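Asker: Okay, here's what each chain looks like letter by letter:
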Amino acid sequence: MAEQKRKIRVVVAKPGLDGHDRGAKIIARALRDAGMEVIYTGLHQTPEQIVETVLQEDAHAVGLSILSGAHMTLVPRIAKLLDEQGAEEVILVLGGTIPQDDIPELKELGVAEVFTPGSSVQEIVDYIRGAVPA
Amino acid sequence: MATPPRELTGQDTDSNDSASMPKSSRWRAERYAAKPEREALFETISGEPVEPLYTEEDLPADIDAEIGMPGEFPYTRGVYPSMYRGRLWTMRQFAGFGTAEETNERFRYLLDHGQTGLSTAFDMPSLMGHDSDHARSEGEVGREGVALDTPDDMETLFGGIDMGAVSTSMTINAPAAVMLAFYVVAAERQGVPPEQLAGTIQTDILKEYIAQKEWCFPVDPAMRLVTDMIEYCAKDMPRWHPVSISGYHIREAGSTAQQELAFTLKDGFTYVEQAIERGLDVDTFAPRLSFFFNAHIDFFEEIAKYRAARRIWARELRDTYGARDERSLLMRCHAQTAGVSLTAQQPLNNVTRTAIEALAAVLGGTQSLHTNSFDEALALPTEEAARVALRTQQVIAEETGVANTIDPLGGSYFIEALTDRMEEAAYGYFVKIDELGGMVEAIKQNYPQREIADASFTYQQEVDAGQRIVVGVNGYTEGGEGQIETLRIDPALEHKQIGRLQAVRARREGDGVERSLAALREAAAGEQNLMYPLLDCARAHASEGEIVESLQQVFGTYTETPVF
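Read top to bottom, the protein sequences are chains A and B. The letter at position 102 of the first sequence is residue 102 when you use the numbering used here, and the numbering goes up by one with no holes. Heads up, the numbering used here is the position in the second sequence plus 1000, with the first residue counted as 1.
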């Protein structure tokens, strides 16, 4: 039997205390429907918990959803932990209410892409498919 | 549940028509079908099909009994006889950021400018029962609301404000009993007894598990705390509303209007049942239950939702729960325009959306209203954006003339038909939830959570496919690229709040806190009403985090099994 193309594995995570999970759940489901293997962490995750999940699941990408305004505290920590754990090749993407002004700094920290409100689901699916090496 | 609503019965003949077909069917076949319809989804935002025309055939057989008169059963046309002719709705804007000091300044400014009620937004750590110096609070203190850790913070929040004269709304749920205790103790220090305090605390924990997802304890002990508060308020705080049963967050999480209506009312019935099981007479607490609904963008559907909610609540309270006091039957509500309908693209368009949503809430007969600011898809509102939001309500109240008559849409073929359909849909959900063993069981089985996730995914797919147009997002996207100014919260406020908290801890003497927390744990392990030991903890200056963690030692914590 021919070996199937490697399945993309994505962790969708909600860091911090914010409970707005409509977006994260829609993205998780859309990525799953697009044939990816999706691990949704559920709510109220610490940076440590998220990075541990990424490592345990051997994920190719991790999508963070933050709508609380705490992204400049949480994202740098997650990016740093990924680096420290030797997981810097994991594609880190972010979605939520992220002011435009913060995006350059986030990208410098290692965020590959930021999806703000109004992004289409297909755009996000296509991005992850393109960013994860085949 | 009482008998579900009767079947719709069309009055199906027109004596002048030679054929026996109803006149709308004849019109539809002979006239309407002659021209093709444009390409569009003719349904509400919730997926309810909408016909090209509504006529008297769509009205309920006994319309007088179904809609009644304002202030009379079944209250479809409004809970009060005079509605906005007697008094306009309360324009209650929600505010809070930084520490209690910053928010107190804002409160005093609002009161100086004629506002009579206050509405407190708490930050995420406070909503989750964490102190500001808890590891998980970092970066979140004072960002989405005021940071409140101790009864001393509550005292600061109301410094210079007569707590016996003002009415206060507090939007907090999982640790609501703790905040109520802080409020009562802060008032005690002003010399104001609990029976004089007027206001509302949200407390609706069921919708937290369903939608908003801010919890401290597992479902069963959380429900006990709600009932403890209802019982305490029935006895000691007769002017206080211990629960605001909320559909707002259910809708924001992506539900349909029908799900919002059904899950909210079912949550309400569940609180009523638990309080009755506790031994309370329904008429001692039901008049103090109030509601909080979303005002979304599908104009007529929203109006129908409020009207159906009033009718269902009145019928169930009277016929299923045996209420005899008329005040127990009144579904009084607050409404807030839909944050979820706002777009980050072309943000000024949000002024229009909010105005239409606010108008729906007013025509739906709300008792109070919060209008969102146009910049809220981006950040907390700036002062200018918040002012435009309030002015929107004032334009509706003063300029449009809609408040001149009661329930101006009552009797509309379309509105009455939609109201009936809304009611039917709600009863359909009640039956399903009862089959699962009631709302608490349904939540444990993830039923409402899954229904909402499905509805929000379906809607997003329709938007992505271009079947639904969101102006500025997937249609009419040119222009409006410029940045608008948004509010930034000073990160230094977090350190300031941690300093305030640690100063309170340092001022406390002896083992009063430890003793009060030990007494609380002991009470939690038994069956007594926890409000009294919570008041003792507040008197001892215990912090919110200390109290919540003590209760968690007895109750445990909650982890969701997410469905998507």
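Hints were generated in silico from the structure; no laboratory data involved. A hint or two may mislead.
[Unchecked claim] Here are a few chain A residues that face chain B, going by a calculated C-beta distance under 8 Å:
id, residue
1, I26
2, R29
3, Q85
4, G110
5, A112
6, Q122
Computed from a predicted structure; not experimentally measured. Note that CB positions come from ideal geometry on N, CA and C, so glycine has one too.
Asker: Each of the hints needs a verdict: does it hold here or not?
Answerer: Consistency of the hints with the structure:
1. I26: For I26 of chain A, the interface hint holds, since the closest Cβ of chain B sits about 5 Å away, which is under 8 Å.
2. R29: R29 of chain A check passes; min Cβ-Cβ to chain B is 5 Å, inside 8 Å.
3. Q85: It is violated, given that the least Cβ distance between Q85 of chain A and chain B is near 20 Å, above 8 Å.
4. G110: violated (18 Å)
5. A112: violated (20 Å)
6. Q122: holds (6 Å)
Of the numbered hints listed earlier, those contradicted by the structure are 3, 4 and 5.
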